[in-house]
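Those sequence lines, one after another, are chains H and P.
Going by our numbering, the first residue of the first sequence is number 1, and it counts up by one from there.
Going by our numbering, the first residue of the second sequence is number 1, and it counts up by one from there.
None of these hints come from the bench; they were simulated from the model.
Treat the hints with care, since some could be wrong.
Heads up, incomplete: computed chain H residues facing chain P, CB under 10 Å, no partners named [unchecked claim]: (1) R28; (2) Q31; (3) G41; (4) P44; (5) Y71; (6) L75; (7) L88; (8) K97; (9) F100; (10) A102; (11) Q105; (12) T109.
From chain P, some residues computed to sit far from chain H (all C-beta separations above 10 Å) [what the hints assert, rightly or not]: (13) T15; (14) K17; (15) S24; (16) V52; (17) G63; (18) N84; (19) G104.
Cβ coordinates follow ideal geometry from the N, Cα and C atoms, glycine included.
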Amino acid sequence: QKEVEQNSGPLSVPEGAIASLNCTYSDRVSQSFFWYRQYSGKSPELIMSIYSNGDKEDGRFTAQLNKASQYVSLLIRDSQPSDSATYLCAVNLSWGKLQFGAGTQVVVTP
Amino acid sequence: EAQVTQNPRYLITVTGKKLTVTCSQNMNHEYMSWYRQDPGLGLRQIYYSMNVEVTDKGDVPEGYKVSRKEKRNFPLILESPSPNQTSLYFCASSFTRDGEQYFGPGTRLTVT
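Construct the complete structure from the given sequences, taking the supplied hints into account.
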């Protein structure tokens, strides 16, 4: 079992719709969780961090964390073509390593 | 502007010719790390540094060296590059090991 798992996609989302990305992790003691956006050939860009159970909203992005289920998700509301990218889930494992998922490719279609 | 910089951004070299990729951050971060990214394999950590003179291996350290003589700089050294080190390399930094990491722009390395 991989430490951080994401569906690779591509996730096709109509413009203006909600994109829902999921991430599961294996380390029950993990305390910090991040979502990065990466455009092709570019560096990962931090878009959300979440540390406690529940929802955290920032503009059109909402991160949701459920530690009991070892699950973190990202919602993108009112999806725009500029949201087309690969989204990386990252989890700080209990021994201090930041482990990245393989990423979910999102394609927003006009 | 707070940032992580890397140089060079693109490099084509030949097998066995030593090279150094520089990384510098101006955010006074203690933690710095090097990753490589390959299609289908995602981001893999090469080496990391908790502070000056404190470095440790990540998941794929073979063929690489690092040093941390100053807080702001964390160069990646390939003593004898080989074609399997052709990859996209990223440097990242954060205040603490479990904090938000900020990435440099990347260095695309091709070894022929």
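Here is what the structure says about each hint:
1. R28: violated, 16 Å
2. Q31: With Cβ-Cβ at 7 Å, under 10 Å, it holds.
3. G41: Since chain P brings a Cβ to about 8 Å from H:G41, closer than 10 Å, the hint holds.
4. P44: holds, 5 Å
5. Y71: violated, 19 Å
6. L75: violated, 20 Å
7. L88: holds, 7 Å
8. K97: Interface hint status for H:K97: holds (7 Å vs cutoff 10 Å).
9. F100: holds, 4 Å
10. A102: Holds, about 4 Å.
11. Q105: Constraint on H:Q105 not satisfied, violated at 12 Å.
12. T109: violated, 24 Å
13. T15: P:T15 clear of chain H: closest Cβ-Cβ about 24 Å, beyond 10 Å.
14. K17: holds, 25 Å
15. S24: holds, 15 Å
16. V52: holds, 18 Å
17. G63: The claim stands: P:G63 keeps its Cβ more than 10 Å from every Cβ of chain H (closest is about 20 Å).
18. N84: holds, 20 Å
19. G104: Label violated. Min Cβ-Cβ 6 Å, cutoff 10 Å.
The structure does not agree with the numbered hints 1, 5, 6, 11, 12, 19 stated previously, though it agrees with the rest.
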